[in-house]
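As a plain string of letters, each chain reads:
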Amino acid sequence: MREVAVIGIGITKFGELWDKSFRQLIAEAGSKAIFDAGIEGKDIDALYIGSMSSGRFIGQEHVGALVADAAGFSHLHIPATRIEGACASGGLAVRQGYLSIASGVNDIVVVGGIEKMNDVAGASATETLATAADQEWEAFFGATFPGLYAMIATRHMHDYGTTKEQLAQVAVKNHANGAKNPYAQYKFEVTVEQVMAAVPVAHPLGLLDCSPVSDGAAAIVLCAMDKAKEFTDKPVKIIASGQASDTLPLHGRRDITTLDATVHAAKMAYKQANVTPKDIDVAEVHDCFTIAEICAIEDLGFVEKGKGGKAVEENITTLDGEIPVNTSGGLKAKGHPVGATGVAQIIEIVEQLRGEADKRQVEDARIGLAHNVGGSGATCVIHILEAI
Amino acid sequence: MMKESVARFWREIPQRYNIIGNKCTVCGRVFFPPRESCPYCRRKSLGKMQKIQLSGKGKIVTYTIIHSATEDFEDQVPYPIAIVELDEGPRITAQIVDCKPEDVKIDMRVESTFRKIRQDGSTGAIYYGYKFRPMR
Chain A
55 MREVAVIGIG ITKFGELWDK SFRQLIAEAG SKAIFDAGIE GKDIDALYIG SMSSGRFIGQ
115 EHVGALVADA AGFSHLHIPA TRIEGACASG GLAVRQGYLS IASGVNDIVV VGGIEKMNDV
175 AGASATETLA TAADQEWEAF FGATFPGLYA MIATRHMHDY GTTKEQLAQV AVKNHANGAK
235 NPYAQYKFEV TVEQVMAAVP VAHPLGLLDC SPVSDGAAAI VLCAMDKAKE FTDKPVKIIA
295 SGQASDTLPL HGRRDITTLD ATVHAAKMAY KQANVTPKDI DVAEVHDCFT IAEICAIEDL
355 GFVEKGKGGK AVEENITTLD GEIPVNTSGG LKAKGHPVGA TGVAQIIEIV EQLRGEADKR
415 QVEDARIGLA HNVGGSGATC VIHILEAI
Chain B
324 MMKESVARFW REIPQRYNII GNKCTVCGRV FFPPRESCPY CRRKSLGKMQ KIQLSGKGKI
384 VTYTIIHSAT EDFEDQVPYP IAIVELDEGP RITAQIVDCK PEDVKIDMRV ESTFRKIRQD
444 GSTGAIYYGY KFRPMR
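Same order as they appear, the protein sequences are chains A and B. Our numbering numbers the first residue of the first sequence as 55 and each following residue consecutively. Our numbering numbers the first residue of the second sequence as 324 and each following residue consecutively.
Since the hints were derived computationally from the structure, they do not count as laboratory data. Glycine included, every Cβ here is placed at the ideal spot set by N, Cα and C. Mixed in with the good hints there might be a few duds.
With a Cα cut of at most 20 Å, we get these calculated SDA-like pairs of lysine to any residue [said to hold, decoys possible]:
| no. | chain 1 | residue 1 | chain 2 | residue 2 |
| --- | --- | --- | --- | --- |
| 1 | B | LYS326 | A | VAL174 |
| 2 | B | LYS382 | A | ASP213 |
| 3 | B | LYS326 | A | ILE112 |
| 4 | B | LYS326 | A | GLY113 |
| 5 | B | LYS326 | A | ALA177 |
| 6 | B | LYS326 | A | ARG110 |
| 7 | B | LYS326 | A | THR180 |
| 8 | B | LYS428 | A | ASP309 |
| 9 | B | LYS428 | A | HIS212 |
| 10 | B | LYS428 | A | ASP213 |
| 11 | A | LYS218 | B | PRO424 |
| 12 | A | LYS218 | B | ILE429 |
| 13 | B | LYS326 | A | ALA179 |
| 14 | B | LYS382 | A | MET211 |
| 15 | B | LYS326 | A | GLU190 |
| 16 | B | LYS439 | A | GLN189 |
| 17 | A | LYS218 | B | GLU425 |
| 18 | B | LYS428 | A | THR217 |
| 19 | B | LYS326 | A | ALA175 |
| 20 | B | LYS382 | A | HIS212 |
| 21 | A | LYS86 | A | ASP99 |
| 22 | B | LYS326 | A | GLU115 |
| 23 | B | LYS326 | A | SER178 |
| 24 | B | LYS326 | A | THR185 |
| 25 | A | LYS218 | B | LYS428 |
| 26 | B | LYS326 | A | PHE194 |
| 27 | B | LYS428 | A | MET211 |
| 28 | B | LYS439 | A | GLU190 |
| 29 | B | LYS326 | A | GLN114 |
| 30 | B | LYS382 | A | GLY306 |
| 31 | B | LYS423 | A | PRO254 |
| 32 | B | LYS382 | A | ARG308 |
| 33 | B | LYS428 | A | PRO254 |
| 34 | B | LYS428 | A | GLY215 |
| 35 | B | LYS326 | A | GLU181 |
| 36 | B | LYS380 | A | GLY306 |
| 37 | B | LYS326 | A | GLN189 |
Listed next, with one range per pair, are the computed distances between beta-carbon atoms [stated by the list, open to error]:
| no. | chain 1 | residue 1 | chain 2 | residue 2 | range |
| --- | --- | --- | --- | --- | --- |
| 38 | B | LYS367 | A | PHE242 | 53 to 61 Å |
| 39 | A | ASP213 | B | LYS371 | 34 to 42 Å |
| 40 | A | GLN114 | B | ARG334 | 27 to 35 Å |
Taking the hints into account, I'd like the entire structure generated from these sequences.
Put into structure tokens, the structure is as follows:
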């Protein structure tokens, strides 16, 4: 396999972007990434686009070609493919781009991720997010997407004594980080009291335990490592890509509070990178809900199973903690335009490893991990990156 | 909501009305909803999956109380929903009824009951299926 590097990154602001369309968002992120990499359209061998549900959010499928067209590449006839895996669509697109270079088929690819979620009413967005769950055996009976994570939280509290305060502390930490991120949807801090007092969504989760409905796009340029130096002095190498699946409905899982897809994708990635969880200096994990971050740091091996709540309470995952998690603000505060999320996570890690994360910079960060989950844990994709 | 064919619902009626699962006669594992083959016995189980009526009795593994629902369920909030482990083994997601939401607890014994799940507006199809209630 050939080695692969990230040589360019580009991201839009995340949020309720009423004045920006799907096309404008992806064109903005894509052109920023292309400028950052110093490449031109003719250099691009392929495009991979992560989008969970453009069909339901904007009534438009076939967005691979649409993105190539919107970017002004229609005359170049670049192969353009859309990748879907619910909220992991972006991470899966990164992996497809990575594999296409590692295999020797392509030299330079652009990977984009996008979701335009605010062009439909809030209830429709909730309904579309629920399509990540099992329609016939979960959603049909009234289970919502937050409801599934709430059931993980109820059981985690029962098995390990995790508290609602500990869940709230995840949101507090991620908002504190988001406040330092110019692209974040929520650039303000919150207190434990505010999170605990927020309107209930699905007990024990309240509104501030949930990531928001967001518009946004992110793009990266991937390049074969042996060519990367032609374009940049600071290539960031992808040293591992892991992916795993599990049962679609939550009720089919071996253990309600463990995302086995995360465990297996992590095992695959750590093995390929030849690192252990202790070697990770900074991580972006899939905190679609506060409980999801607690499960993630356990399932990734940063802390022992059941100790996630305690770890958050002890500030192990804050910006100056032992293992800083979600320095970008995470899905919680940065925002969660679902298809864009997996790509945006890579961007945060690249900024950290280049030493360009400004007020969010983790000192001496050399190895970073991005963890992207689809649905309640049926899909997981993990990338590990290293500064060269 | 997009208009759905009625067939999409009626083909699941045996499962949703009567909790019909199936059993791998090679290893004895029970599944709900029924599977085409046993994930453990794989090709050995082909043609050897047998339909069975599940008891509808079990215990709550975990639960939540939904306060913010999709449009189809908005008129029912707040409602408890749980993962129930049936006595035969399979786990199933369903609403818990005939008790106060705050009375729902992990390990509580429950039994299935046939109920209306939702309807497509005032002129559309009415969907029925299982919910669970505290064991009497």
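Status of each hint after checking the structure:
1. B:LYS326 / A:VAL174: This hinted pair holds, its Cα atoms lying about 17 Å apart.
2. B:LYS382 / A:ASP213: With a Cα-Cα distance of about 16 Å, the restraint between LYS382 (chain B) and ASP213 (chain A) holds, given a limit of 20 Å.
3. B:LYS326 / A:ILE112: 18 Å, holds
4. B:LYS326 / A:GLY113: This hinted pair holds, its Cα atoms lying about 15 Å apart.
5. B:LYS326 / A:ALA177: Distance of about 17 Å is within 20 Å: holds.
6. B:LYS326 / A:ARG110: Cα-Cα ~14 Å, so holds.
7. B:LYS326 / A:THR180: OK: LYS326 (chain B) and THR180 (chain A) at ~18 Å, within 20 Å.
8. B:LYS428 / A:ASP309: OK: LYS428 (chain B) and ASP309 (chain A) at ~18 Å, within 20 Å.
9. B:LYS428 / A:HIS212: Roughly 10 Å separates the two Cα atoms, so the pair holds.
10. B:LYS428 / A:ASP213: 13 Å, holds
11. A:LYS218 / B:PRO424: Holds, at about 18 Å.
12. A:LYS218 / B:ILE429: 17 Å, holds
13. B:LYS326 / A:ALA179: 17 Å, holds
14. B:LYS382 / A:MET211: Given that 20 Å is the threshold and the Cα spacing comes to 18 Å, the pair holds.
15. B:LYS326 / A:GLU190: Answer holds: LYS326 (chain B) to GLU190 (chain A) is near 15 Å, not above 20 Å.
16. B:LYS439 / A:GLN189: 17 Å, holds
17. A:LYS218 / B:GLU425: 16 Å, holds
18. B:LYS428 / A:THR217: Between LYS428 (chain B) and THR217 (chain A) the Cα gap is close to 16 Å, so the pair holds against 20 Å.
19. B:LYS326 / A:ALA175: 18 Å, holds
20. B:LYS382 / A:HIS212: Holds, because 15 Å separates the two Cα atoms, which is no more than 20 Å.
21. A:LYS86 / A:ASP99: Within the cut-off at roughly 18 Å; holds.
22. B:LYS326 / A:GLU115: 19 Å, holds
23. B:LYS326 / A:SER178: Cα-Cα ~14 Å, so holds.
24. B:LYS326 / A:THR185: 15 Å, holds
25. A:LYS218 / B:LYS428: 17 Å, holds
26. B:LYS326 / A:PHE194: 15 Å, holds
27. B:LYS428 / A:MET211: Given pair LYS428 (chain B), MET211 (chain A) holds - Cα atoms ~12 Å apart, limit 20 Å.
28. B:LYS439 / A:GLU190: 15 Å, holds
29. B:LYS326 / A:GLN114: 18 Å, holds
30. B:LYS382 / A:GLY306: 15 Å, holds
31. B:LYS423 / A:PRO254: The hint holds at about 17 Å.
32. B:LYS382 / A:ARG308: 16 Å, holds
33. B:LYS428 / A:PRO254: 18 Å, holds
34. B:LYS428 / A:GLY215: 15 Å, holds
35. B:LYS326 / A:GLU181: Roughly 14 Å between the alpha carbons, so the hint for LYS326 (chain B) and GLU181 (chain A) holds.
36. B:LYS380 / A:GLY306: 18 Å, holds
37. B:LYS326 / A:GLN189: Roughly 15 Å separates the two Cα atoms, so the pair holds.
38. B:LYS367 / A:PHE242: 53 to 61 Å: 59 Å, holds
39. A:ASP213 / B:LYS371: 34 to 42 Å: 36 Å, holds
40. A:GLN114 / B:ARG334: 27 to 35 Å: 30 Å, holds
Consistency note: the structure conflicts with none of the earlier hints.
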